[in-house]
Amino acid sequence: MLPAHWPKWTVILIGLALAVFTILLALVLEPAAQALMPKPTPISTPPLLPYAAPQSRECILCHTDEAALGQTVSDVEELGRLWIDPADVISVHGRLGCVTCHRGSGGTTDLAAAHQGLVKDPTLHFEEECLLCHRNLPDEIPDDRLRTPHSSVVHGQAQGVTCSDCHGGVGHGFDPVSGKVTCSMHVCLECHQARGLSAELQGCNACHIGPHDVSAALSCSDCHTSTERWNETHLAVHPVELVGWHAQIDCFDCHDWPNFSGLRYVCSDCHQRPHDFGSDNCEECHSPEGWGK
Amino acid sequence: MQTAWGWLPAIYLFLGGMGAGALMVAATFEFYGKRYQYDFCPTALVGATVSGPLVILGTILLIFDLGAGLREPWRILYMFTHFSSVMTWGVWLLTLFIPVSMVYGFLEYLDSFPAAREWLRARQWLGWTKFLWILPLRRTKRVFAGIGVVLAVGVAIYTGILLSAVGPAIPFWSTRVLPFIPIPMMPVLFLVSALSTGLGLTVDLAATLAVGPMEQRVKSLPWIHMAFIGVETLLLGMLLITALVDGGSAAQSAREIIAGSHAVVFWVLIVIPGFIFPFVVHAYAAGLGRHSLVSGVGSGIGIVVAGLFLRYLILVSGIPAAL
Numbered sequence: 000m001l002p003a004h005w006p007k008w009t010v011i012l013i014g015l016a017l018a019v020f021t022i023l024l025a026l027v028l029e030p031a032a033q034a035l036m037p038k039p040t041p042i043s044t045p046p047l048l049p050y051a052a053p054q055s056r057e058c059i060l061c062h063t064d065e066a067a068l069g070q071t072v073s074d075v076e077e078l079g080r081l082w083i084d085p086a087d088v089i090s091v092h093g094r095l096g097c098v099t100c101h102r103g104s105g106g107t108t109d110l111a112a113a114h115q116g117l118v119k120d121p122t123l124h125f126e127e128e129c130l131l132c133h134r135n136l137p138d139e140i141p142d143d144r145l146r147t148p149h150s151s152v153v154h155g156q157a158q159g160v161t162c163s164d165c166h167g168g169v170g171h172g173f174d175p176v177s178g179k180v181t182c183s184m185h186v187c188l189e190c191h192q193a194r195g196l197s198a199e200l201q202g203c204n205a206c207h208i209g210p211h212d213v214s215a216a217l218s219c220s221d222c223h224t225s226t227e228r229w230n231e232t233h234l235a236v237h238p239v240e241l242v243g244w245h246a247q248i249d250c251f252d253c254h255d256w257p258n259f260s261g262l263r264y265v266c267s268d269c270h271q272r273p274h275d276f277g278s279d280n281c282e283e284c285h286s287p288e289g290w291g292k
Numbered sequence: 000m001q002t003a004w005g006w007l008p009a010i011y012l013f014l015g016g017m018g019a020g021a022l023m024v025a026a027t028f029e030f031y032g033k034r035y036q037y038d039f040c041p042t043a044l045v046g047a048t049v050s051g052p053l054v055i056l057g058t059i060l061l062i063f064d065l066g067a068g069l070r071e072p073w074r075i076l077y078m079f080t081h082f083s084s085v086m087t088w089g090v091w092l093l094t095l096f097i098p099v100s101m102v103y104g105f106l107e108y109l110d111s112f113p114a115a116r117e118w119l120r121a122r123q124w125l126g127w128t129k130f131l132w133i134l135p136l137r138r139t140k141r142v143f144a145g146i147g148v149v150l151a152v153g154v155a156i157y158t159g160i161l162l163s164a165v166g167p168a169i170p171f172w173s174t175r176v177l178p179f180i181p182i183p184m185m186p187v188l189f190l191v192s193a194l195s196t197g198l199g200l201t202v203d204l205a206a207t208l209a210v211g212p213m214e215q216r217v218k219s220l221p222w223i224h225m226a227f228i229g230v231e232t233l234l235l236g237m238l239l240i241t242a243l244v245d246g247g248s249a250a251q252s253a254r255e256i257i258a259g260s261h262a263v264v265f266w267v268l269i270v271i272p273g274f275i276f277p278f279v280v281h282a283y284a285a286g287l288g289r290h291s292l293v294s295g296v297g298s299g300i301g302i303v304v305a306g307l308f309l310r311y312l313i314l315v316s317g318i319p320a321a322l
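First to last, the sequence lines map onto chains A and B.
Residue 0 is where the first sequence starts when you use numbering that gives the first Met the number 0, and the numbers rise one by one after that.
Residue 0 is where the second sequence starts when you use numbering that gives the first Met the number 0, and the numbers rise one by one after that.
Because the hints were derived from the structure by calculation, they are not lab data.
Any given hint could be a false lead.
With the C-beta cut set under 10 Å, the calculated list includes, among others, these residues of chain A facing chain B [said to hold, decoys possible]:
#: 1; residue: L28
#: 2; residue: E29
#: 3; residue: R134
None of these values were measured; they are calculated from a predicted model.
Backbone N, C-alpha and C define an ideal beta-carbon position, used for all residues, glycine too.
Just chain B, same shape as in the assembly (with noise of 0.2 Å):
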């Protein structure tokens, strides 16, 4: 088992990966007009809120977890440059989406509260301000949401990216889509999983807390939530098959998953509460129309949970390849 990558860089790819999938929920309710389908639009408001705090946190983690970025903090400034380098592209993305995501959770915010918006208009240290409140509030926020979601795609895969670069030495971070097809894994799977991850953040809990049974309001959402959870358990069980079938030291890594030394974690951890538990929360909720408080709360705080033991697991079970 690789021991150099543990809980630290499974907390900020999680945060990586939640705070896009946030955001990708929130701008695709803003494109749906379901953000304004009533007065108050909890999932978009966390989604867009959170983003850019949670990939913040995630960013003091990795460069605190980097040990030279942190002791000498210009030698960051060498990864800005370093093109041909999956780094680079992640230290660029990062840069560019927390402003961005911060900007719209600020306008969502202000679109949300109304009183805020006033008391900030009103504030007189704030008058140097002023060319910016005769900006459309709504097209604004759709500019910055569009630009967030493109960058949010970007931060999802690439914390998929980042692992798959390792890969060559871990071949189980390496794993192919399918034998066949020349296509890694993680970037895929992280993606679906961020999205997941965001869902169950936005929409399982932080709106079942706010306005209740969301399946009411969106009559698609379980439909939504089975799609993604089927599609989340078909690549993970595609990247076990492939991982199995390639054989070698990412074989030993699937089997340690399935039935080895982690097996309690991926069963108890993962798969009971962020996929089967979820599934039949949202089944039920699809077939009757609605679901309980405690089921929907339950089911988001189940797949957020899930995520971050995903990414876990991932990264211990990583084996060298032999040399």
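Next up, chain A with everything else stripped away, as it sits in the complex (with noise of 0.2 Å):
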């Protein structure tokens, strides 16, 4: 109880004191509370890319005019590396702008001084360069059937590697992620066989995942016979000759994918008798080149 001898209306500044007390309380007591929360361990935030796209005009100016960079460079098949074809310029690497990754000064006609910090190859340094934009990279690409295994040049294990070794000049042209382009694998085999690695990563399944069930018998190259594309095979294996008709369907249209099992290899597994006289073996009237035959 107030004492009695205060005046009755001390109630109200009372009410408005307490409004100012809570809010000066309020603002002693949120830090205080904070400080009683363990404080979460900090995550380190990567820099970001020095874009300097507009900074690149004179570089994009001389390296796409064939004309005005065969001025300084003789040797054809250095000019024909120097030379940007226009259109890469506007790919999603190049429209990074050249100085973002290869530095120098674009902004110079001075060929001393545009070039002068050059970053010849950008990847050699990717952890200052690719990696600052592409972050948590794959392992493997299961619906492309590939291992990438990416933490083992990140973290060092694949020493000597870098991204351009298998993603080329991703700047000029090269972009292995409209499937016009593949990625190189010779990096890859090269060191699996200078590294003494098991035959079986010293093959096709070094970088990709097969998803036949047939790898304890039958090795990739005794069916398939490109490395551009998988449908192209010569089946020297197959029990029955491949003859006919036979010969122009595809595996898949009599075997069960992806390990080859449903069939006993006799006509009636595939085809239904038309007629009722004869046998179910076929072969006694009819041969592979056509039911007419």
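Take the two lone chains and join them into the complex the hints point to.
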């Protein structure tokens, strides 16, 4: 109770004072409460790529102009390497601008000044260049049935391997995502051979995850004849000679994907007999070249 | 976590809510006749007189927070005519509420202190107000209390609508009442919280200090208090559960509140002083018919402090939606 001699209107002031007191109390208590909480480990924020597309104008003007480039470069092979297709300038990496990855200075026509501090292969410094944008790289791409051991490269287990070894000049027209070009695998194979890894990892399995469960009996090249298209095959090991119509159809028209199960290699497994005469042994009358023969 | 809204918005949302809640409690005492049961009603007096100043202080802080409004105040005038914006609704509500609540508070003061009324009436320099003194005081006061309570509900709800309107960017702020009920929770929670803080200020604190145990004057008060605490607890629980069910950044906000970086604020500065302690005090008062001065005042301070921290917590735990 308030003292009896205090005027009754004091209670109004007390009400207002409580509001102010509450605010002041809260401002004191909140930092104290937060101090009691365990502090989360700060997550380091990687630096940003020094985006410099607008500073790359002179680079583009010169390197897309074969004639201008030819004034300073006489070697034809070198000229071809340094020339940039104008279409590549608007590719995903091209739009970053030359200076963003290659450094140097794009704001001058002076050859020496423009190339001062130039980084010829930015991927040699992939930690400071590529990884700033390309984080969380996968070790496998299941949809494409590919092994992509990026963590070995990023964490230094595959020393000497850089991004451009597989991904080429991504700023110069190399676009593996579009599917028009494929990544080179020779770096993987050469390294695996040099390190004497198992025979399995020195073949297709180094990069590809085979879908068929026949690896114990067969190697990929027993059937597949192309490294560009998987459906180019030569069935040298097929138990039945595939001639005529059978030579033109796909493996999985007859077999179950992916492990080739489901056939006993007789005609009636696939074909229905359209007539009552004769037996199930079709070959008594027909040949694989066609039912009329 | 969003970092744009911190203590300053929390304070003016709190002042707006508590001011509106205090007026609603005072008007309830006015219309239910409790105001006239005794010669002096501290709840009605404090509720009516502090609501205007609290909302004025909150509005000043709001204008200060607007930044552009402080540098170029005339731009605030543009906000009166943009009726599709919730900001305009708020500007109108505050513009109307402040004078109405100030007049209501002034009339309540004159009604509570006849000597002050006579003193003013005798001032010659106020002779031009002679026509006002012939108006029936209590009936006029009731008119302003009636208009004021409608506007107070609007102000209390508006503080929550403001947050819900930002909702698409901060999903936690636009969490629905329940996953299958498309009504935003914030306006409902802020309305109940406004009433709760208003009760805490005018009944638990002011009335306990002025006249002693209020529950002996109004027998149902402990039950009303407990009902409000129960409803507020239910709404807060529904908010957190719905946010967790919604997933994404809303769920992350809820997790930060319950057991994350804001857990101490939530449990120690909101749940214990604003829910558990007042509930125990009022359950005790309901059972035994009395509570001590300290527990009554403590309950009032706890409810009011928790009201401020509740708004602060809801603001700082907002996490922007993932793009």
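- Query: Going through the earlier hints one by one, which of them does the structure break, listed in rising order?
  - Reply: Hint check: 3 fails alone, others pass.
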